[in-house]
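Chemist: Use the sequences and the hints to build the structure in full.
Just so you know, the protein sequences line up as chains X and W, in that order. Note that my numbering has the first sequence beginning at 1, numbered continuously upward. Note that my numbering has the second sequence beginning at 1001, numbered continuously upward.
Each hint should be verified, as a subset may be incorrect.
[Said to hold, decoys possible] Here are the simulated DMTMM-like pairs of lysine to aspartate or glutamate, each with C-alpha atoms no more than 20 Å apart in a straight line:
(1) X:Lys-99 <-> X:Glu-55
(2) X:Lys-99 <-> W:Glu-1079
(3) X:Lys-99 <-> W:Glu-1077
(4) X:Lys-104 <-> W:Asp-1085
(5) X:Lys-99 <-> W:Asp-1088
(6) X:Lys-104 <-> X:Asp-53
(7) X:Lys-99 <-> X:Asp-51
(8) W:Lys-1007 <-> X:Glu-184
(9) X:Lys-104 <-> X:Asp-51
(10) X:Lys-99 <-> W:Glu-1045
(11) X:Lys-99 <-> X:Asp-53
(12) X:Lys-99 <-> W:Asp-1049
(13) W:Lys-1007 <-> X:Asp-126
(14) W:Lys-1007 <-> X:Asp-186
(15) X:Lys-104 <-> X:Glu-55
These aren't lab readings, by the way, just hints derived from the structure by calculation.
Take a look at the letters that make up each chain.
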Amino acid sequence: MTDLIQRRSDDDEEVPGGVLLAAAAGGNEVAWATLVARYDRLLWTIARMHDLDAESAADVCQTTWLRLVERVDRLRDPDRVGAWLATTARHESRRTLRKMMREKARNGAAALNRASDIAPAPGADDAVWHAVAAMPERCNRLLRLLFLTPQPRYSEIAAALDMPIGSIGPTRSRCLRRLRTMLESDGEGRDIA
Amino acid sequence: MMADSAKMISELRTALTGVDPVPGSVTAAALASLGYHRPEARLAELAADSALSSMAVRGGPYAPRLLTFTAPGLVIEVEITSTDDHRDLVGHLAPSRTADIEIRWPGGTRTTRADPTGHFTAPRIPHGPISMLCHPTPDTPVATTWTSI
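Modeler: Below, the structure written as structure tokens:
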């Protein structure tokens, strides 16, 4: 069934979410697979940026998709399905964290089972990835969402971060300036060494 | 280095695009989710979850997690006791009534029955998302919203 997946691309005229949802509600698996292709990377990233390990992040993604299925024909604003998914994944990630903290209290010394360090992508510049990883949470999360493929819309990023859509642009500029400063000072350090 | 902003953004895109890919099993589970659609069922929303309570957990850390689902005319309460590899469910329907209750999880299902006082039990359910599909004959079935236990 994975061969049904068509990845979102910038120059595509996107089929509106409401059209895909209506088709999926009627059992159209291609429409559903198009939604999965558009949003599974976003949902996975939202779960992982809450520091969840792979098993918990998988639960968050699956719960989020199942919750969409149960209201596939009754979403209030079907064309904003991406923002709805992002909000649901954020809530579910936070719920999972709370549950884990509660289990930690029960198990005493047992540490929270969180994401281990995510390895840099093969072929990518390690320095860039490590600089992003070292950034404050707000910048780290925003940059990870902004440069995802397929690229989320600002309304979806706003829902993922629970942030007003109008502050994404200014925060993006501030985070990119900060990243440049980090990379430049890192570069100078290496030159001296 | 990095004097050029376009170059930095392109390196950023390269660094962030391939990182931490979605596991194939996660995508496969997302694709399979559509098969759980039960359009005939009314939806019972999660009204309360003791795991989200900001107060110290009543009864101490060993107290079971309590979930409350509500649909018009029906409240489903379920206490969940965790062990390492499974969950034990003890539930109650209000108002009290008999009903078949189908406990669904990805990859499995088990049916139990609420007695005339509305009580039901379901031991050894796997952890992860579940939905309880309650058949209070002759009424419309009610499905609890998918919730990870």
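Chemist: Hints first: check each against the structure and report whether it holds.
Modeler: Verification of the hints:
no., hint, verdict
1, X:Lys-99 <-> X:Glu-55, "holds, 14 Å"
2, X:Lys-99 <-> W:Glu-1079, "holds, 14 Å"
3, X:Lys-99 <-> W:Glu-1077, "holds, 18 Å"
4, X:Lys-104 <-> W:Asp-1085, "holds, 16 Å"
5, X:Lys-99 <-> W:Asp-1088, "holds, 16 Å"
6, X:Lys-104 <-> X:Asp-53, "holds, 15 Å"
7, X:Lys-99 <-> X:Asp-51, "holds, 14 Å"
8, W:Lys-1007 <-> X:Glu-184, "holds, 13 Å"
9, X:Lys-104 <-> X:Asp-51, "holds, 15 Å"
10, X:Lys-99 <-> W:Glu-1045, "holds, 19 Å"
11, X:Lys-99 <-> X:Asp-53, "holds, 14 Å"
12, X:Lys-99 <-> W:Asp-1049, "holds, 10 Å"
13, W:Lys-1007 <-> X:Asp-126, "holds, 15 Å"
14, W:Lys-1007 <-> X:Asp-186, "holds, 17 Å"
15, X:Lys-104 <-> X:Glu-55, "holds, 17 Å"
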